[in-house]
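Take the sequences, apply the hints, and build the full model.
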Amino acid sequence: KHNNSNKDTNTNNNNTNMCVISSPILKFFSDCETCLTGKQDRHERLVKISRDITVKSKRIIFILQRIQGAEELDQLLAEADEKFGEVRALFTSIARELVGHSPFLYLRAFSPGLQEYIEAQSLAEYLRTKTLVKLEDLQRELTFDIDGTEVSILVDEMDYLQGIADLTGELMRICIGTMGKHDTLPGETCSFTREIYRDLKRFSSINRGLDRKLQVMSNSLRKMEQACYTLVVRGQEIPAGQLGEAVDDE
Amino acid sequence: KHNNSNKDTNTNNNNTNMCVISSPILKFFSDCETCLTGKQDRHERLVKISRDITVKSKRIIFILQRIQGAEELDQLLAEADEKFGEVRALFTSIARELVGHSPFLYLRAFSPGLQEYIEAQSLAEYLRTKTLVKLEDLQRELTFDIDGTEVSILVDEMDYLQGIADLTGELMRICIGTMGKHDTLPGETCSFTREIYRDLKRFSSINRGLDRKLQVMSNSLRKMEQACYTLVVRGQEIPAGQLGEAVDDE
Amino acid sequence: FDWFQEVNTTESARREAIREVTKVLEQEARNLETILQQAHQVKESEAGDICAKGRERFTAIKELYAKLQTTFPLELYYKYHGCWRNVTQNVCFLAALLVYLESGDLLTTDTLTELTGVSMQQDEPFHIDLEDFLLGLCSLSNELARLTTNCVTAGDLSRPLRISKFVADVHNGFRMLNLKNDSLRKRFDSLKYDMKKIEGVVYDLSIRGLIKEEDK
Amino acid sequence: FDWFQEVNTTESARREAIREVTKVLEQEARNLETILQQAHQVKESEAGDICAKGRERFTAIKELYAKLQTTFPLELYYKYHGCWRNVTQNVCFLAALLVYLESGDLLTTDTLTELTGVSMQQDEPFHIDLEDFLLGLCSLSNELARLTTNCVTAGDLSRPLRISKFVADVHNGFRMLNLKNDSLRKRFDSLKYDMKKIEGVVYDLSIRGLIKEEDK
Amino acid sequence: FDWFQEVNTTESARREAIREVTKVLEQEARNLETILQQAHQVKESEAGDICAKGRERFTAIKELYAKLQTTFPLELYYKYHGCWRNVTQNVCFLAALLVYLESGDLLTTDTLTELTGVSMQQDEPFHIDLEDFLLGLCSLSNELARLTTNCVTAGDLSRPLRISKFVADVHNGFRMLNLKNDSLRKRFDSLKYDMKKIEGVVYDLSIRGLIKEEDK
Amino acid sequence: FDWFQEVNTTESARREAIREVTKVLEQEARNLETILQQAHQVKESEAGDICAKGRERFTAIKELYAKLQTTFPLELYYKYHGCWRNVTQNVCFLAALLVYLESGDLLTTDTLTELTGVSMQQDEPFHIDLEDFLLGLCSLSNELARLTTNCVTAGDLSRPLRISKFVADVHNGFRMLNLKNDSLRKRFDSLKYDMKKIEGVVYDLSIRGLIKEEDK
Amino acid sequence: FDWFQEVNTTESARREAIREVTKVLEQEARNLETILQQAHQVKESEAGDICAKGRERFTAIKELYAKLQTTFPLELYYKYHGCWRNVTQNVCFLAALLVYLESGDLLTTDTLTELTGVSMQQDEPFHIDLEDFLLGLCSLSNELARLTTNCVTAGDLSRPLRISKFVADVHNGFRMLNLKNDSLRKRFDSLKYDMKKIEGVVYDLSIRGLIKEEDK
Amino acid sequence: FDWFQEVNTTESARREAIREVTKVLEQEARNLETILQQAHQVKESEAGDICAKGRERFTAIKELYAKLQTTFPLELYYKYHGCWRNVTQNVCFLAALLVYLESGDLLTTDTLTELTGVSMQQDEPFHIDLEDFLLGLCSLSNELARLTTNCVTAGDLSRPLRISKFVADVHNGFRMLNLKNDSLRKRFDSLKYDMKKIEGVVYDLSIRGLIKEEDK
Ligand SMILES: [Mn+2]
Ligand SMILES: [Mn+2]
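Residue numbers (this note's numbering), protein chains in the order written: chain A, 23 to 272; chain B, 23 to 272; chain C, 18 to 233; chain D, 18 to 233; chain E, 18 to 233; chain F, 18 to 233; chain G, 18 to 233; chain H, 18 to 233.
Certain hints may be false.
From chain A, some residues computed to sit far from chain C (all C-beta separations above 12 Å) [stated by the list, open to error]:
no.: 1; residue: S45
no.: 2; residue: L48
no.: 3; residue: F50
no.: 4; residue: L58
no.: 5; residue: K70
no.: 6; residue: E93
no.: 7; residue: D103
no.: 8; residue: G107
no.: 9; residue: Y148
no.: 10; residue: I168
no.: 11; residue: S174
no.: 12; residue: E179
no.: 13; residue: M180
no.: 14; residue: D181
no.: 15; residue: N229
Derived lysine-lysine pairs resembling DSBU-like cross-links, with alpha carbons at most 30 Å apart [unchecked claim]:
no.: 16; chain 1: E; residue 1: K209; chain 2: D; residue 2: K209
no.: 17; chain 1: B; residue 1: K105; chain 2: B; residue 2: K156
no.: 18; chain 1: C; residue 1: K209; chain 2: C; residue 2: K229
no.: 19; chain 1: D; residue 1: K60; chain 2: F; residue 2: K213
no.: 20; chain 1: C; residue 1: K197; chain 2: A; residue 2: K156
no.: 21; chain 1: H; residue 1: K203; chain 2: G; residue 2: K203
no.: 22; chain 1: C; residue 1: K203; chain 2: A; residue 2: K80
no.: 23; chain 1: D; residue 1: K182; chain 2: F; residue 2: K214
no.: 24; chain 1: A; residue 1: K245; chain 2: A; residue 2: K80
Hint data in this document are derived by calculation from the structure and do not stem from the laboratory. Where is the CB? At the ideal position from N, CA and C, for every residue including glycine.
The following block contains the structure:
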């Protein structure tokens with residue numbers, strides 16, 4: 023009762039978008055509303071695209087996990103490439119949303135998808151060339167020309183490293199899965215992971231996130247080393263007196 | 023080398039969907055694949071719709087939070103109803119996805135949206151009729167006729183109670199926000215919350231989830247009681263010798 | 018809130034009833050497991066008896082599943098699914114183990130339905146969830162890995178190769194699936210280890226020339 | 018991974034540089050706050066002097082913001098945003114307090130830009146984030162609530178009503194926003210309490226007839 | 018292992034029996050709480066009726082405690098103590114609230130024994146643990162803090178001062194204890210907070226001249 | 018490894034000895050607190066007696082600190098610091114409260130050294146850590162906020178204004194410090210809150226004309 | 018509150034006394050473990066000496082258990098049970114290991130009582146809790162798994178098969194129990210794992226023809 | 018408060034200085050680790066080169082420890098201990114690994130002092146804390162477990178047995194200690210696990226006849 027000084031202003035902001043906004047304060051807040059709602063909506067749209075990217079990237083990884091012998095590799099990579107095309111289309115939509123906005127402002131919205139994509143891309147790259155995908159190559163793949171503007175979905179080093187850490191998990195699965203079926207892959211993946219691990223270990227305790235990733239990598243590496251060990255130990259044994267037969271068997 | 027017994031089967035399941043699947047085991051797993059992928063895809067679609075429902079419901083709540091005097095109520099409710107129409111359309115999409123599937127299997131996908139909707143709906147209902155929305159009324163609103171089949175998006179009691187617990191949070195905001203501007207709302211919301219709390223308290227320690235909700239409610243209730251107390255204490259004071267003036271002021 | 022009192026009572030009663038049935042079901046599964054565990058100690062040729070005894074126990078299990086379906090409205094299947102998940106996975110595993118011991122084949126959905134009386138059609142009101150079935154198969158390979166070493170200990174040298182082929186087939190099937198990062202994927206990863214272990218046994222036999230040519 | 022070494026070094030250097038600047042910025046903001054805090058102890062009429070001193074300090078703040086912009090590539094603004102969020106919210110609050118003390122008006126984006134040298138256009142490479150600005154306004158109402166009681170203590174009975182109107186306007190503005198369940202919404206909830214508190218003072222004055230008719 | 022199996026079964030049966038009784042006990046405690054909660058809405062003078070109804074419910078509670086003692090050998094008291102801890106704390110709180118509403122006095126151990134039929138002698142085989150009693154008292158002050166504001170809202174201006182004195186006495190008692198136990202120490206801190214809150218209400222009334230001189 | 022074993026034993030013995038002393042120290046601090054708490058119930062003029070009694074207790078505390086220094090080699094001060102942190106913060110608070118009640122002044126480091134026999138020179142082997150001292154001061158303002166409302170209730174209307182000025186000074190002192198430490202910053206925020214509360218009391222008195230002009 | 022204070026003091030004293038005894042008990046258990054650990058390095062035939070030495074140490078352990086029973090009223094057994102749980106589990110493990118090394122048999126409850134002087138009757142005032150006993154058995158199989166590989170390394174090829182049978186029996190016993198308890202179930206899973214490991218060793222020996230026919 | 022401000026500034030400056038040195042120390046430790054990690058890929062005979070390179074790096078580490086001691090008054094050792102704990106544990110581990118690779122012996126405290134220039138006398142003002150040393154040894158066994166499998170993979174079949182004996186000795190040493198400290202106890206459990214793993218490798222080699230008789 024003692025405070026009805028602002029009843030008037032109340033009534034004309036009930037539906038903010040329809041009626042004329044008189045006071046400059048309300049005008050300012052009305053602009054804020056537009057800006058904040060725009061942000062929220064864009065965030066939502068990006069989350070949705072990101073989820074689609076995650077699903078598709080995971081499926082690419084599953085395709086690549088089917089590798090056993092060397093001969094199927096090309097076919098699997100071809101299959102994966104087809105799917106990568108679809109993922110690229112999704113990234114184009116993200117780029118379209120980001121025209122004129124900082125990717126870092128919306129990073130939280132799409133970084134799960136981005137990380138899964140990096141995981142898939144680096145796995146494909148490893149199987150194709152036996153090398154680690156480079157951040158700059160990924161970055162080039164994620165730069166788009168949207169109506170004449172160049173839009174980069176900037177890949178943060180930490181997102182990249184997260185992807186690499188996840189990659190070693192997948193390499194571990196391939197190492198275990200192809201053991202005894204593929205001549206070189208188990209050993210190669212193990213050495214490759216060991217090198218990555220040793221190189222990255224140099225940067226430990228710089229960044230807490232990195233340390234967690236190193237821990238994950240270390241676990242995968244140990245599993246791979248253990249598997250290679252088992253294979254070697256078993257192979258070392260040539261039962262006395264049956265040497266001849268064993269050679270025959272090969 | 024010692025195990026290449028199944029190389030043959032390997033080669034023809036590389037791209038599972040294209041070539042003929044010979045063995046019955048692979049046939050079975052191929053069916054599994056279809057089933058699991060279908061589930062995953064449906065889950066994803068439901069998550070997306072649910073996020074849309076959450077956003078829209080939150081905005082409805084914000085519209086209703088704008089209430090100050092009694093006179094604006096109708097207009098705000100009308101505005102809210104319009105938005106509720108949009109939300110209902112989204113629920114229809116959910117129902118369409120659920121034809122032939124158990125809502126509980128996908129509950130995790132859409133329950134955030136459902137809870138936020140219940141919160142919005144119960145707030146609107148309270149402001150309209152000063153009563154608590156009934157579970158059966160909500161359930162009726164969420165039953166759809168999809169191409170002749172009746173599909174119910176079943177509302178779990180726990181989802182309902184979660185919505186009610188959140189409702190008391192919003193009532194608390196209304197109580198504080200309309201204090202000194204609206205004659206009856208602050209006191210009414212406080213008593214209403216107190217009744218809900220006392221009624222629900224009877225079921226405490228039956229269910230851990232419910233206990234957490236009761237804790238939230240209890241906090242809101244205390245804030246409202248404190249606010250009402252402040253108003254009353256202040257109003258009790260009529261400075262000696264200025265009695266006349268104070269009455270004038272009203 | 019009296020309606021809530023009522024809902025609550027119904028709910029509690031239902032959960033209690035389900036709990037009762039699953040408790041007995043768990044006990045039955047444990048008994049069945051004890052029977053089938055004996056397969057580790059006997060020759061393959063003598064497994065028939067064990068299997069026969071095992072198959073008998075399914076009568077009780079079938080009845081319990083029938084009873085379970087009367088404890089709640091079937092459209093709420095997935096609401097209470099968590100209560101019998103574990104035991105159903107175990108039953109699937111045991112059924113698959115039984116069928117393997119009997120015939121060396123993979124448990125089919127039809128046989129499972131025959132044994133438990135429950136359909137595997139995912140759109141039936143009451144059914145066995147596909148994931149539970151697959152998790153049961155993972156347990157099967159784990160048990161077969163143990164069986165492989167034990168039957169070598171017992172002097173049965175022809176089974177390992179057959180088991181190896183069987184598990185490789187199951188593994189190939191699993192590789193076709195798109196799994197999320199869930200418990201199924203974890204179990205699938207451990208299936209790989211089981212397969213390696215079995216292959217190891219086959220290798221051990223083969224370098225000693227203990228595998229007959231006709232088995233290959 | 019040598020490139021990573023390099024990236025890491027650049028990154029560390031940048032963060033260090035930003036940290037340096039924001040540290041000084043925080044110190045400057047603290048100094049400014051100490052000055053403006055004196056408003057609680059003086060009459061409104063004597064606030065001019067305080068305001069003048071306060072406005073001077075913005076020269077340093079402006080320079081620091083200019084310096085901040087040289088420490089990293091501006092397109093990475095939101096990557097490092099977390100480093101200066103807190104201090105920027107504080108600067109917004111202090112600017113808003115200064116402007117209110119000077120003129121009784123709400124800080125406009127133009128004035129803020131004038132004081133800090135930073136644009137509020139959200140698509141400029143370096144700008145003041147809208148949310149930080151709004152959080153600053155929440156702090157303002159909190160401070161004004163304190164000012165309201167203190168100026169009554171100091172015998173200044175005409176300000177409360179004016180402050181009350183001002184804060185009510187800000188509150189009305191906030192009510193137009195669609196907020197998520199984030200820190201802004203929390204601060205908005207506490208703004209309501211500040212408003213109640215100020216209204217309480219006005220009420221206390223009005224029942225004692227201490228509000229002049231012309232102020233209403 | 019048969020003997021173990023047997024022990025195991027006895028154990029399960031006991032826990033089941035205890036669970037049954039405590040479940041009903043919890044229900045009774047909740048009913049009692051619902052009754053006593055009404056004290057927040059009525060005048061002090063009308064509380065008598067509520068108290069009478071509340072006291073009646075203790076007949077059932079007493080019986081349940083008697084029954085609880087028959088479910089297990091009493092020398093195993095502390096083995097199962099965890100099962101009824103929570104509800105006993107709640108019962109202590111409710112007894113203390115009842116006694117306070119009736120007489121304004123602190124619940125004595127004798128009265129508690131009278132109400133529940135359980136001794137508080139810590140060396141009796143079945144007793145109420147001291148800690149549970151003290152935790153109940155902490156809940157009491159929390160409830161009284163709420164009661165204080167609500168009775169002012171309801172226009173009863175004489176109670177706050179009395180509640181304030183009562184809670185200050187309880188607080189003094191607590192301070193003597195050497196509280197090692199973490200949960201008790203935490204609750205003691207909250208008791209302190211409640212006391213301050215009640216003192217705040219008394220202050221609010223004092224400054225507005227709403228406390229009669231004779232109450233002081 | 019024998020040498021390690023020995024080190025280990027010494028270590029345990031030391032911790033045990035420290036634990037013994039701090040336990041008694043905690044008891045003494047509790048006794049002292051009980052005495053000083055009475056200040057809430059008496060007029061300012063009668064506080065002298067309480068203060069005298071309180072000062073006496075410091076003899077015991079001083080001795081205990083002396084004893085504490087004999088339990089371990091002083092160069093390991095910070096190794097065991099955690100063991101007496103809490104009690105030392107409490108002692109600082111009580112010393113500060115005592116001094117405020119006696120003289121209305123802020124506890125100086127010299128007086129603290131006089132009372133406890135422990136230096137505050139941070140480079141002395143055994144000293145009172147600065148942070149512990151500051152945390153004690155935060156507790157002081159919290160206690161003074163309570164005292165403020167209680168003395169209004171008791172009809173003592175001249176103290177709030179003086180307390181308000183005192184706490185504002187303490188607050189100003191704190192604001193100068195660049196607080197990095199988390200727990201200290203949190204407590205500083207609560208100091209701010211206490212100050213506002215005390216200002217609120219002064220406001221309440223002001224608007225009712227209960228503050229004498231000469232006090233201002 | 019004086020009475021409470023008293024209860025509090027008794028309580029502290031008791032816990033202190035219990036702590037003292039269990040500390041020595043832990044030391045004794047560690048000594049015993051060091052002795053029994055030597056079994057990993059010697060031939061089975063030479064274990065007799067180790068066992069004799071181990072058995073001697075139980076005199077001290079027996080005395081300590083006797084002493085423990087004097088530190089508190091026995092009806093409060095389960096109140097303080099947590100204090101000696103860990104060490105008792107360890108003692109059970111060591112007793113079981115001793116008995117296995119001596120005779121290849123499973124520790125009986127009678128032997129345990131003989132060694133420790135404590136009954137295993139669950140209704141005796143002071144007894145060894147069944148769960149603690151079972152957890153000790155789990156530790157035993159873990160140790161035996163280690164022993165199995167080590168004795169193969171040491172060239173003792175006949176033990177693995179016997180250990181394998183022993184652990185399989187223990188495992189079968191456990192499977193009968195309806196394990197609700199979480200920690201026990203977890204340890205049971207690890208027992209399963211140990212059994213498989215031991216079976217693996219037997220397999221390794223079998224396939225290399227290193228198991229004598231008469232051992233089977 | 019000026020004095021406080023000053024103390025505060027000194028404090029900040031010291032922490033900054035310590036931070037600087039430990040940062041470089043961490044970098045050096047990481048470089049050393051990268052070098053020693055290569056031991057996993059080379060034959061034992063070629064390790065000499067790696068060790069030589071590794072030993073060189075200790076010159077820098079020694080200097081850094083010397084520098085660290087100049088950054089603060091040494092009697093405040095334990096105040097800042099937390100800042101270099103982690104890196105010191107790492108340095109201890111690396112020193113122990115280096116010594117093991119060089120000679121197959123356990124790092125002695127003298128050698129550690131020689132390498133780092135820091136005493137291990139626990140009463141020296143600046144020393145290496147015993148716990149940090151022990152934690153470093155735990156890391157060593159973990160690394161040796163990895164080394165054991167890797168050197169088998171690399172075809173070096175004679176090392177595992179030697180590593181196994183070494184780690185068993187360390188384990189025996191540890192068992193003597195009365196480990197109260199939680200983190201140390203946890204790490205001791207993992208040491209046990211590492212030992213079992215290494216024993217497993219020795220077993221794998223033994224059973225396949227891959228260990229030469231003279232190595233035993
Ligand atoms: Mn992955
Ligand atoms: Mn809400």
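Structure-based check of all given hints:
no.	hint	verdict
1	S45	holds (46 Å)
2	L48	holds (42 Å)
3	F50	holds (46 Å)
4	L58	holds (34 Å)
5	K70	holds (18 Å)
6	E93	holds (16 Å)
7	D103	holds (18 Å)
8	G107	holds (18 Å)
9	Y148	holds (19 Å)
10	I168	holds (31 Å)
11	S174	holds (29 Å)
12	E179	holds (24 Å)
13	M180	holds (20 Å)
14	D181	holds (18 Å)
15	N229	holds (24 Å)
16	E:K209 - D:K209	holds (28 Å)
17	B:K105 - B:K156	holds (21 Å)
18	C:K209 - C:K229	holds (26 Å)
19	D:K60 - F:K213	holds (19 Å)
20	C:K197 - A:K156	holds (27 Å)
21	H:K203 - G:K203	holds (18 Å)
22	C:K203 - A:K80	holds (15 Å)
23	D:K182 - F:K214	holds (23 Å)
24	A:K245 - A:K80	holds (22 Å)
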